[in-house]
Amino acid sequence: MKIRIAPYFIIIYVLAFIIFVILISYFWQKNRKTPEQPINFSHQIHVSKVGLPCTHCHTTVEKSTAAGIPSVETCMTCHKAVKKESPEIQKLTKYWENKQPVPWQRVYRLPARKYVYFSHKRHIKANLECVNCHGNVEIMSIIKRVPKLEMGWCMSCHKAKNVSIDCATCHK
Amino acid sequence: MSFLNNFFLPPSTDHLHLIKYIILLIYFIHIPFISLLLGGTFFSVFFRLLAGKDQNSRFWQVSRDFIETLVFRKTAGIILGVLPMLALTLIEGQIFYDADATIVKFMMITTVLVAISISLVYFYQSTFKIAEVKPNVQLASGVIGLFTILLAYFVFSVSTSLVLDPGRWAFVNSIWKTLFSWNVIARYKHFLIAALAVSSVAFFFFNFNWRESKKEIAPEYASFLKRLSAGIALTLTIIQPLFLFWNLITLPDQALSMAVFVLLILALFIVLLICLTLYRLLSENQVELGKNVFIMFIILLVVMIINDHYARENATENHTYLLVHRAQDVEAQIEAAHAQLLESSVEPDLKLGEQVYNTQCNACHHFEESLVGPAYNVVLPKYLNRQEELTNFIRNPYKIDQNYPAMPKLGLNEKEIQSVVAYLFKRLEESK
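These protein sequence lines are chains A and B, in that order.
Residue 111 in my numbering sits at position 119 of the first sequence, and the numbers go up by one each step.
Start counting at 1 in the second sequence, then tack on 744, and there's your number in my numbering.
None of these hints come from the bench; they were simulated from the model.
Check each hint, because a few of them may be wrong.
[As the list claims (entries may be wrong)] Just so you have them, the derived chain B footprint on chain A, three or more residues with Cβ under 8 Å:
(1) 4 to 14
(2) 37 to 46
[What the hints assert, rightly or not] Short derived list, chain B residues pointing at chain A, Cβ under 10 Å:
(3) N800
(4) F803
(5) W913
(6) T922
(7) D997
(8) V1004
(9) L1012
(10) R1024
(11) H1069
(12) A1071
(13) Y1101
(14) C1108
(15) I1144
(16) A1150
[Stated by the list, open to error] Simulated restraints, written as ranges between beta carbons of each label pair:
(17) B:A820 to A:T161: 54 to 62 Å
(18) A:M143 to B:K1153: 22 to 30 Å
(19) B:E1075 to A:T52: 53 to 61 Å
(20) B:K1153 to A:R105: 46 to 54 Å
(21) A:K151 to B:D997: 14 to 22 Å
(22) A:I14 to B:I874: 30 to 38 Å
(23) A:V108 to B:N1136: 53 to 61 Å
Ideal Cβ placement from N, Cα and C applies to all residues, glycine included.
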């Protein structure tokens, strides 16, 4: 009987591609993994359900370069009373009682932050909405980084809005 | 392109959700049809050129068979070809009405080109057997028709590729970079190869599985056609994984999700099955397998379209949200205008008021004790004769007492506000 090798070749060839795709998806998933937070905080509940505006907690976004991660005190103004029985809130209360900050893991960080000057205040003044860069926080129970924060991404918007694209604007 | 923005109305929220499925439906209708049109014309013109002027040549016959099998009647061209494209252009116009008119511009060009190419292809098809039309004129219509379709779907690929990369919308300054990005090339080539593969499979199916009994083909010619179409199908299907893979690695990061990967792996498995079945069909001459291959190709097409749909949904998630946001703003404005008109006539509904109280207010305010906000028994009495002030405060809260955090805006509608105020005063009355 003649042994046909062509079908085996086809199987190996297509399987190789399938393995490639699986590998890519694995690394994609791994790279994308958002940092694990000490408390399972949900933006979705606070924004969509409770209806808090971003500035309720990120108080310095209009005044400073950084938007500011809220202090434990800010959380506790409400959570001294609200949802005290939830295990996540109990974790928060523990930090409060121990007088320790919550070790939140940063999600947004400029890749070359040493060389880039970025100010939230200026961007808010230019009437940019939080959602333009931070995505649909309202539906994120776990916060995800939406844009890659690469220079090309900044440039695209600066060009479109006709604002300075001089190097010294951001690289001070 | 501000005139385009004026032309399209911003879509409402319900409309936006519906639109997605309409797009999917249009793809299901349009892509298979246009694949067959493209493949039929391509193979027909190709074999027609091989035949030269010799009308008795076998290739002449093949050329004619291809165009007659794969290009349907004229009405189909309008219903499945031009109309869906036109609908898609209008829909994309609504979705991207101020994000980037370039996407819509490309779609418009595609629609015009599709209409032209379909007319040319029908002319080419219908004049095949008419001796009065000069063969050269007839061939020219086919060649120009083919190039117009190729151009149309190149422009279409540019548009669909642009949709997947919102980061690029803002700066489509360089037309060349937009036209020849890696993703455009990958998508376009994949579309071409898939369209040709689907056409050769459909050709085999329609000639040997579908109307087998109705049409009589000389056995020798039939076996030639079988080997030819199945051979082309196998070759083109074998290179599919390459293009599927190329398309995947050129997809922008934002378009990716687990669903995209899973569907792609599924597509690759189907490609594997198709290849093996086609190989068996060729080596063992099992004509009836043509049916299986045809069905598997339809499944593959569906999987690929859904895959593309997911990529599109992922990429435009943020944009869709902005649209919904904007639509809600517009709707809220209309509602506010209405509310102002009706303010005096809005009937407070105590049941609704209680509902609002339990879901929204109760978390921070109780009657007896102060929690996040002050106790109602303390702060409500001062509003007793100034109800209007309380409704205004709920509409637009501000910080009053330094001892408590500012109350957030709750996004209640006019009726809910009136109802909750009525409910609060009723409770206050009862507690006295």
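Quick rundown of the hints versus the structure:
1. 4 to 14: holds (count 8)
2. 37 to 46: holds (count 4)
3. N800: violated (36 Å)
4. F803: Violated - the Cβ of B:F803 stays beyond 10 Å from chain A, reaching only about 27 Å at its closest.
5. W913: For B:W913, the interface hint holds, since the closest Cβ of chain A sits about 8 Å away, which is under 10 Å.
6. T922: violated (13 Å)
7. D997: holds (7 Å)
8. V1004: Result: holds, 9 Å to nearest chain A Cβ.
9. L1012: holds (5 Å)
10. R1024: holds (8 Å)
11. H1069: Holds. Min distance 7 Å.
12. A1071: violated (14 Å)
13. Y1101: Status violated, d = 15 Å.
14. C1108: holds (7 Å)
15. I1144: Constraint on B:I1144 not satisfied, violated at 15 Å.
16. A1150: holds (7 Å)
17. B:A820 to A:T161: 54 to 62 Å: Given a distance of about 56 Å, which is inside 54 to 62 Å, the answer is holds.
18. A:M143 to B:K1153: 22 to 30 Å: Roughly 36 Å apart at Cβ, these two residues miss the hinted range, so it is violated.
19. B:E1075 to A:T52: 53 to 61 Å: Given range 53 to 61 Å: violated, Cβ gap about 32 Å.
20. B:K1153 to A:R105: 46 to 54 Å: violated (34 Å)
21. A:K151 to B:D997: 14 to 22 Å: Given a distance of about 20 Å, which is inside 14 to 22 Å, the answer is holds.
22. A:I14 to B:I874: 30 to 38 Å: violated (55 Å)
23. A:V108 to B:N1136: 53 to 61 Å: violated (44 Å)
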